[in-house]
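Top to bottom, those sequences are chains E and L.
All residue numbers in the first sequence are consecutive under the numbering used here, ending with 108.
All residue numbers in the second sequence are consecutive under the numbering used here, ending with 113.
If you're looking for bench data, these hints aren't it; they were derived computationally from the structure.
Here the structure is a predicted model, which is why all the values come from computation and not from measurement.
Take these hints with a grain of salt, some might be off.
Unchecked claim - Here are the simulated EDC-like cross-link-like pairs (lysine to aspartate or glutamate), alpha carbons at most 20 angstroms apart as the crow flies:
{"id": "1", "chain 1": "L", "residue 1": "K17", "chain 2": "L", "residue 2": "E85"}
{"id": "2", "chain 1": "L", "residue 1": "K57", "chain 2": "L", "residue 2": "E44"}
{"id": "3", "chain 1": "L", "residue 1": "K15", "chain 2": "L", "residue 2": "E85"}
{"id": "4", "chain 1": "L", "residue 1": "K100", "chain 2": "E", "residue 2": "D93"}
{"id": "5", "chain 1": "L", "residue 1": "K57", "chain 2": "L", "residue 2": "E68"}
{"id": "6", "chain 1": "L", "residue 1": "K100", "chain 2": "E", "residue 2": "D27"}
{"id": "7", "chain 1": "L", "residue 1": "K57", "chain 2": "E", "residue 2": "D93"}
{"id": "8", "chain 1": "L", "residue 1": "K100", "chain 2": "L", "residue 2": "E44"}
{"id": "9", "chain 1": "L", "residue 1": "K11", "chain 2": "L", "residue 2": "E85"}
As the list claims (entries may be wrong) - Beta-carbon label-pair distances, calculated as ranges:
{"id": "10", "chain 1": "E", "residue 1": "Q55", "chain 2": "L", "residue 2": "K17", "range": "41 to 51 angstroms"}
{"id": "11", "chain 1": "L", "residue 1": "V113", "chain 2": "E", "residue 2": "S75", "range": "40 to 50 angstroms"}
{"id": "12", "chain 1": "E", "residue 1": "T20", "chain 2": "L", "residue 2": "Q80", "range": "43 to 53 angstroms"}
Unchecked claim - Derived coverage of chain E by chain L (criterion: at least 3 residues anywhere in the stretch with Cβ under 8 angstroms from a Cβ of chain L; other residues may be distant):
{"id": "13", "segment": "21-33"}
{"id": "14", "segment": "36-50"}
{"id": "15", "segment": "96-107"}
Glycine is no exception: its CB is placed at the ideal position from the N, C-alpha and C atoms.
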Amino acid sequence: GIQVEQSPPDLILQEGANSTLRCNFSDSVNNLQWFHQNPWGQLINLFYIPSGTKQNGRLSATTVATERYSLLYISSSQTTDSGVYFCAGTTNDYKLSFGAGTTVTVRA
Amino acid sequence: GAGVSQSPSNKVTEKGKDVELRCDPISGHTALYWYRQRLGQGLEFLIYFQGNSAPDKSGLPSDRFSAERTGESVSTLTIQRTQQEDSAVYLCASSWGQGKMYTFGSGTRLTVV
Numbered sequence: 001g002i003q004v005e006q007s008p009p010d011l012i013l014q015e016g017a018n019s020t021l022r023c024n025f026s027d028s029v030n031n032l033q034w035f036h037q038n039p040w041g042q043l044i045n046l047f048y049i050p051s052g053t054k055q056n057g058r059l060s061a062t063t064v065a066t067e068r069y070s071l072l073y074i075s076s077s078q079t080t081d082s083g084v085y086f087c088a089g090t091t092n093d094y095k096l097s098f099g100a101g102t103t104v105t106v107r108a
Numbered sequence: 001g002a003g004v005s006q007s008p009s010n011k012v013t014e015k016g017k018d019v020e021l022r023c024d025p026i027s028g029h030t031a032l033y034w035y036r037q038r039l040g041q042g043l044e045f046l047i048y049f050q051g052n053s054a055p056d057k058s059g060l061p062s063d064r065f066s067a068e069r070t071g072e073s074v075s076t077l078t079i080q081r082t083q084q085e086d087s088a089v090y091l092c093a094s095s096w097g098q099g100k101m102y103t104f105g106s107g108t109r110l111t112v113v
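Kindly generate the complete structure, drawing on both the sequences and the hints.
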């Protein structure tokens, strides 16, 4: 499978701050997805974004498939945004390869 | 159902015992995936089912692991002769097509003592 590199590995934010998380892929990627794993372990799909830009409330994501990266933007962060953010993608098959995640801590 | 349902949510078993984990995907989702997540780690692919096609078992770590799915319904993951290194959260996901948007269940936390 492809190699997925996420940065930064850890991020501490003050409530209300904005941030950008990055995901780099070793090869061309399809079916790119972003997930949030809350402190109770539940994985929530944030975006299915093989290319282009999408927005969902305070979150938005951009994928530049030709340059093998994707960005997740968190604006006006809240304590409920805390958790681990994973990106994942496939190459020519269906098996999502996951990055190691970015652990986000938002402090009140 | 409305979401992906996994049971049990927690399982503690003695080393050497067999365990069976269950996943009930979203109705209409043809693809079903099992992943494993060790403490503090990312997700590791185990097995994939797509409709009535032969499953992709390439991620199963040993022959102690097996999984079944009947058609597009429930799947069971069985671990025989459990070892301590099998301790992890086992996550199931489903999607309406291969590689499309995944929806994960809440997982089964397996502890082998």
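Structure-based check of all given hints:
This hinted pair checks out: K17/L and E85/L have alpha carbons roughly 13 angstroms apart, not beyond 20 angstroms. Distance hint between K57/L and E44/L is fulfilled; the C-alpha atoms sit about 13 angstroms from each other, no more than 20 angstroms. Of the supplied pair hints, the one linking K15/L and E85/L holds, its CA atoms being roughly 10 angstroms apart against a limit of 20 angstroms. Under the criterion of a C-alpha separation no larger than 20 angstroms, the hint pairing K100/L with D93/E is consistent with the structure, at around 11 angstroms.
For the hint pairing K57/L with E68/L, the CA-to-CA distance comes to about 10 angstroms; that is within 20 angstroms, so the pair holds. Using a Cα cut-off of 20 angstroms, the hinted pair K100/L and D27/E holds, with the two alpha carbons roughly 18 angstroms apart. A threshold of 20 angstroms between alpha carbons decides the hint, and for K57/L with D93/E the separation of about 14 angstroms falls inside it, so the pair holds. The hinted pair formed by K100/L and E44/L meets the criterion: a straight-line CA distance of about 18 angstroms does not exceed 20 angstroms.
Simply put, K11/L and E85/L have alpha-carbon atoms about 14 angstroms apart, close enough for the 20 angstroms limit, and the pair holds. The given range of 41 to 51 angstroms is respected by Q55/E and K17/L, whose C-beta atoms sit roughly 48 angstroms from each other. The beta-carbon spacing between V113/L and S75/E, approximately 45 angstroms, falls within the hinted interval of 40 to 50 angstroms. Distance hint for T20/E and Q80/L: a CB-CB separation of about 45 angstroms, consistent with the stated range 43 to 53 angstroms.
As drawn, the segment 21-33 of chain E meets chain L at 3 residues by the rule of a beta-carbon pair under 8 angstroms; at three or more, the given contact holds. Using a Cβ-Cβ cut-off of 8 angstroms, 6 residues of the segment 36-50 of chain E lie near chain L, which meets the minimum of three, so the contact claim holds. Proximity of the segment 96-107 of chain E to chain L, defined as three or more residues with a beta carbon under 8 angstroms from a beta carbon of that chain, is established by the 6 residues found.
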